[in-house]
Amino acid sequence: MLLSHAITLAEARSHLAALARRAYNDEASAEYERVLLHLDVIHGDFIPGISDVDDDESADILYGIAEHAIEDLVAHGIDALQVELLLDMLDAARAKDVP
Amino acid sequence: MYAENGGLLRAELSTLLRQHRVQQRLGGAGSHSIPETTTVDERRLLGEQIRRYRHSALVWCIQAVRAANPRMNLTGTSTRTRGPAEELRHRLDVAVEHSPGLPALEELTAEQPFEMVDSWRQVARAATLGEHDFDAGLGYGRLSQVQCMTLLKDASDVARGLVGLDRRYANIPGWQSLKDAGWLGRAAEVCSTFAGYDEPDYTIDLRGWQPQPTLVEGPGLPGLTGVLQAQHNLLVHLGEFPDARSLRLVLDSQRIVSRDAATFDTLTATDWARRASTYLRLIRVTHDVGGMVGNGGPAAGQAALAASRIEQFARAVQAGNYTADSGPLRHLAHLGREIDERITQAIQHGARERLYFARVPIPRVDTNASGIVKPTRHRYAPITADITPELLEIVREELRPKTPAPTAPKSAAASRDELAAALVHRPEPRSAQPGLSV
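As given, the protein sequences belong to chains H and C, one line each in that order.
Each residue of the first sequence is one higher than the one before, starting from 1 at the first, in our numbering.
Each residue of the second sequence is one higher than the one before, starting from 1 at the first, in our numbering.
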């Protein structure tokens with residue numbers, strides 16, 4: 001894994017974890033965790049850790065960064081279909097993340 | 001299991017103790033209306049065969065006494081210095097030393113033409129199968145003091161029965177009595193009284209060898225049975241240590257199973273919801289846990305099947321196409337508790353043996369990183385109480401199921417009472433011959 005790939009992946013993971021932590025309900029939180037799990041399954045065991053994300057950021061910004069990072073994974077050799085599935089799961093989680 | 005082998009041993013021994021007129025039961029001469037069907041030589045051979053069966057029961061008694069009281073070295077001791085258990089074991093050792101040896105496999109498996117000999121075969125068979133129990137949870141160190149006493153009393157009563165039958169069989173041609181049968185009987189009686197002083201603990205019957213659960217192969221079963229099939233297979237596959245990625249998939253599947261079970265199992269919906277919440281917390285705290293040791297692929301596959309099948313079933317229940325019966329729901333809850341127990345063991349084993357790791361930021365600048373800004377280095381660290389306190393606390397406090405205290409099988413006391421009654425019973429007096437009345 002190249003450094004740029006690792007940074008993109010770390011960004012996606014960190015923001016997904018932050019979304020899961022800040023979700024309005026357990027169901028949405030579990031869906032964000034499922035996206036994260038699926039992302040890890042695609043990449044295998046050698047993956048960067050989750051970094052702390054600024055808690056002041058709004059959920060929209062976190063979502064946008066996570067979505068963008070996942071989209072960028074195509075440029076690092078990840079199968080486009082898998083990326084689309086991840087984006088779909090992320091969208092489904094977002095739909096459940098309502099107060 | 002000890003309940004099955006010990007129960008069969010006692011039941012057949014009780015049957016034998018209630019049988020009298022031994023010669024007739026071996027085809028010997030009885031009253032004028034019962035013809036003699038076997039020769040003296042044949043009865044002598046049958047007697048030898050019975051002694052071989054008896055040898056198996058004696059060996060079982062020794063193993064049971066040893067499991068209850070493993071004092072190994074009896075040399076240099078005497079009747080005065082030996083306790084009740086040691087004395088019984090010494091007398092059993094003497095009896096076995098002068099016994100003809102174990103029966104052949106054919107003698108154990110082939111049904112015998114005489115009912116009495118076949119009862120002896122069942123005794124020997126139960127004793128032989130019962131040998132596996134002592135190495136599978138019935139050994140010393142795994143039993144409580146009360147359970148040791150219960151086991152000792154069981155062995156003493158069996159020995160008493162063998163001594164009683166030995167006296168009764170003295171008329172069989174060529175019969176050789178137990179060596180020092182009087183001493184053995186006395187030691188067994190004393191030991192039985194000594195071990196039966198306190199209240200017995202019949203939960204010992206739940207211990208012993210049990211067959212390993214096997215996979216439920218074949219195509220997916222419909223409805224809730226399919227969920228049970230996948231959960232059962234998951235439990236079987238969890239016998240192998242899962243790698244971290246597979247473990248996370250299993251955790252996710254169990255959250256889905258619990259969430260959906262709460263929707264149609266209204267009686268225990270609270271328990272299912274609590275389980276789903278516990279698994280969600282576990283998923284959160286394990287999202288940065290890694291570890292490549294182990295093979296959890298088959299378990300993860302069955303976990304995914306369980307999750308998808310229960311989602312399908314929950315939709316069918318909501319649509320009114322299916323109803324959930326109480327029996328399968330109880331089975332599902334039971335499987336859930338066993339899976340919880342297994343996952344608890346896996347995580348604790350992974351933490352203890354340093355097989356699971358957590359990525360933790362080390363407060364150290366990674367000078368090898370490219371670029372002008374040097375990030376902090378991230379490293380894998382074994383999950384310990386310091387690194388992931390929340391994970392281990394959830395596992396210890398919430399995930400581990402609160403198992404109820406084991407209760408003894410209903411037939412446990414009845415089986416012992418029957419043997420005790422057979423040991424002290426007296427044959428019914430012969431009916432009075434009708435005579436001439438004046």
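Since the hints were derived computationally from the structure, they do not count as laboratory data.
All figures in this text were calculated on a predicted structure; none of them were measured in a lab.
Just so you know, even glycine gets a beta-carbon here, dropped at the ideal spot from N, CA and C.
Be aware that one or more of the hints could be misleading.
Claimed, not checked - Selected chain H positions facing chain C (Cβ under 8 Å, derived; list incomplete):
1) Arg22
2) Leu37
3) Ile42
4) Glu67
5) Glu71
6) Asp72
Unchecked claim - Computed from the model, here is a short list of chain C residues facing chain H with C-beta under 7 Å:
7) Arg44
8) Asp135
9) Ala136
10) Asp252
11) Leu280
12) Met292
13) Val293
14) Asn295
Out of the numbered hints, which ones does the structure contradict?
-> The structure breaks hints 1, 3, 4, 5, 6, 7, 8, 9, 13 and 14; every other hint is satisfied.
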